[in-house]
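Visitor: Same order as they appear, the protein sequences are chains Y and U.
Position in the first sequence counted from 1, then plus 232, gives you this note's numbering.
Position in the second sequence counted from 1, then plus 10, gives you this note's numbering.
These are computed hints drawn from the structure, not numbers from a lab.
All C-beta atoms in this analysis are idealised placements derived from N, C-alpha and C, irrespective of residue type, glycine included.
It cannot be assumed that every hint is accurate.
What the simulated footprint calls covered on chain Y by chain U, stretch by stretch (three residues with Cβ under 8 Å from a Cβ of chain U suffice, anywhere in the stretch; the number is not a length) [said to hold, decoys possible]:
no.: 1; region: 273-284
no.: 2; region: 310-318
no.: 3; region: 439-452
Far from chain Y, by Cβ distances over 10 Å, these chain U residues were calculated [unchecked claim]:
no.: 4; residue: Ala125
no.: 5; residue: Glu220
no.: 6; residue: Leu296
no.: 7; residue: Asp299
no.: 8; residue: Asp323
no.: 9; residue: Pro329
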Amino acid sequence: MLERIEQAKKTIHAACEKVGRQIQVMEVCGTHTVSIFRHGIRSLLPENLKLLSGPGCPVCVTDQGYIDVVMDLARRDDCIIATYGDMIRVPGKGGSLESLHRDNIKVVLSTDDGLALAKKHPDKLVVFVAVGFETTTPASAVAVADAASEGVDNFCILSGHKLVVPAMQALLGSKNDKIDAFLCPGHVSVILGSDAYKPVVEEFKRPCVVAGFEGVQILEGLANICEQIADGRADIDSVYGAAVTPQGNKVAWKIITDTFEPCDGPWRGLGVIPGATLKLKNEYKQFDVLHRFGIKEVPTEEPAGCQCGQILCGLLDPPQCGLFGNKCTPDTPVGPCMVSTEGACSAWYKYGK
Amino acid sequence: MDEVQNHAFRLRREDMPPVKKRENMEEIKKIMLAHGGGGRLMGDLIARMIVPKFGDGQSVQLTDSAVIDVPSDKICFTTDSFVVQPLFFNGGDIGKLSVCGTVNDLAVAGAKPMALSLSLILEEGLDMDILEKILQSIADTAKAANVNIVTGDTKVVETGSADGIFINTSGVGVLMDNADLSFARIKPGDAILINGTLGDHGMTIMSQREGLKFDTPLSSDCACLHELTQMLCENCGEAVKFMRDPTRGGLAATLNEVAKSSGVNVELTETALPIDKTVQTAADMLGFDLLNIANEGKVLAVVDAAVADKAIDLWKSHPLGKKAAVIGTIAETDDSPLVELVTKIGGRRIVQTPYGRELPRIC
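Bound conformation, chain Y alone (with noise of 0.2 Å):
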């Protein structure tokens, strides 16, 4: 293993040098940019080859407005709400869940967890904080398919289950951006496939390399970047082995496909994008709290002042944000950089840079 590490480093070098300029890479998935941070990988990384931490996480990019929605449900008696860990601290315009401290939110470890509550408790409503991308969105189709044929009716989810691909798409659009290659997610890729990121590596011509979350494997991930960058290519790889094929999981995609289909929807501190977000279909909108409460809008709440949008693209650092350090702290975060524990800017806050 050594010797990989030591073989990833030295590439990443040769091929920075060789490169010269400035090199931002963006890992889009949060599970990677918790990874970076745990095995201290910036610290091995050349001065010109910057990581940038993407919109791939679920906290990070839920909008205030779903927040605000939750905790009103959850100021309901009659509600129960199940929710992720993650979600817990991510604020909204009135605070967050943990600040509710309300006995009515239940942290879960699974839609099973959530469906199990709901049997548990047939007087009250369980609303299922359903977030996530393409690894979490099936477990949320398979519990409302379940609900749905085990005539659970007291079990509803609402919705903000995003799409990894037209988030980096919708990036990349944005004329300024300064993302140079995509470190794409192992157990996201696996589901998605590799064909997934076509569009990207055809129409930016960005290199997309899918990386498990070993120390290791994400070294090796940024020295096949680097080397596509210093060779001019941009290519779909993956240094994770036979686990990502071209087409995905097809059983996975079928499942999230048979349940939910996309719209427009908000991402916190990147505004809608186009198709990125995931709601119920028709034939399961009673499963929907939307529809069951009759709520006809989940309102999109920016955080004013919040610069996100540009610190995700590599566009300012997070001292350049007006909100930084003294409104906006992990302690009272404002912005989805600073509300995960390893975004962007609460990493710099924490740690200087």
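Let chain Y serve as the given structure and place chain U on it in line with the hints.
Guide: Relative to chain Y, chain U alone:
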């Protein structure tokens, strides 16, 4: 405080009052509010269930305060409260925890633990059987640690006002002659030692709460550490600079406190950290960093580097120190003291004080 409710029991066998049996006691299976009301029911509870567990199970005298003979002019005094769910977990229970926790707070201060107080807050409806098991565990743990439970108190609160049982223990110990421990004595070059694997307690509790099961079940490290600390103080004397039991907040919180309070940097080596494989798997599944996870049977020691090997050998000779290791060093700081970890792949990262509530990461 109400005189009747405040029972202190002194270990004087000859003064033992005979304990009367109440016939209908057998029928009461759950704690009732009256058990804390200062009347007959409470008297029964204390006399029949609590007192016999302690002081050799023979004799006690209920007075308002315990009298302790102290063979030194320097005593250490500490207190800790215990709230945990589940009450019983693999490797321990709230009773064992309440003795170990306070014994350890004394131990890492360089004290020889002598006596503990025991305050119980019981929730109305608590099963007598559960209380019995917890009291037995307290008695067994105290006996094994050679400390006496010398005074106590019992309150009962309404259903819903507590989580079954809350326990507070306070402890008194005598400072050992050769113990000179403080943040101020920590200097660059010192070695950082731990007596075994990290995060076992916290991951056991969280896995049990979340219903995660593993082929090798996780087990809390809950244990009294006074023998390890005494061993170190007696054999290495002044070369032992500082000790702490990294409980809540884990190693990360303790080491950040060391860095700030001593004005030094801490450098940890990831490959040197003793970590159980199953515990690591559980942590990975839930997205936790084991450096932030609670321990209940670990002592961190900062010692002069010259005695580090000797200290590790000493600890390894004890059942609680089999996996003892030197995990890092103290270094000079520039302006802001920090804790850094050299990772397995040779990277460096900063280890921060955790937020305070670990939440599973799914997405």
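Visitor: The structure should be examined with respect to each hint, and the outcome stated for every one.
Guide: Checked hints:
Here's how the region 273-284 of chain Y fares: 4 of its residues keep a CB closer than 8 Å to some CB of chain U, so the rule of at least three is met and the hint holds. Check result for the region 310-318 of chain Y against chain U: holds, 3 residues qualifying (beta carbon to beta carbon below 8 Å, three or more required). Judged by the Cβ-Cβ criterion of 8 Å, the region 439-452 of chain Y is covered by chain U as claimed, because 3 of its residues qualify and three suffice. With a cut of 10 Å on Cβ distances, Ala125(U) stays outside the contact zone with chain Y, its closest approach being about 38 Å.
At roughly 6 Å, the least C-beta separation between Glu220(U) and chain Y is not larger than 10 Å, which violates its mark as non-interface. Taking the minimum C-beta to C-beta distance to chain Y, about 8 Å, the non-interface status of Leu296(U) is violated against the 10 Å cut. Residue-level check failed: Asp299(U) sits 7 Å from the nearest beta carbon of chain Y, not beyond 10 Å. No Cβ of chain Y approaches the Cβ of Asp323(U) within 10 Å, the least distance being about 29 Å, so the stated non-interface status holds.
Consistency note on Pro329(U): stated as away from chain Y, and its beta-carbon is indeed over 10 Å from all of that chain's, at 32 Å minimum.
Checked against the numbered hints given earlier, this structure breaks hints 5, 6 and 7; the rest are met.
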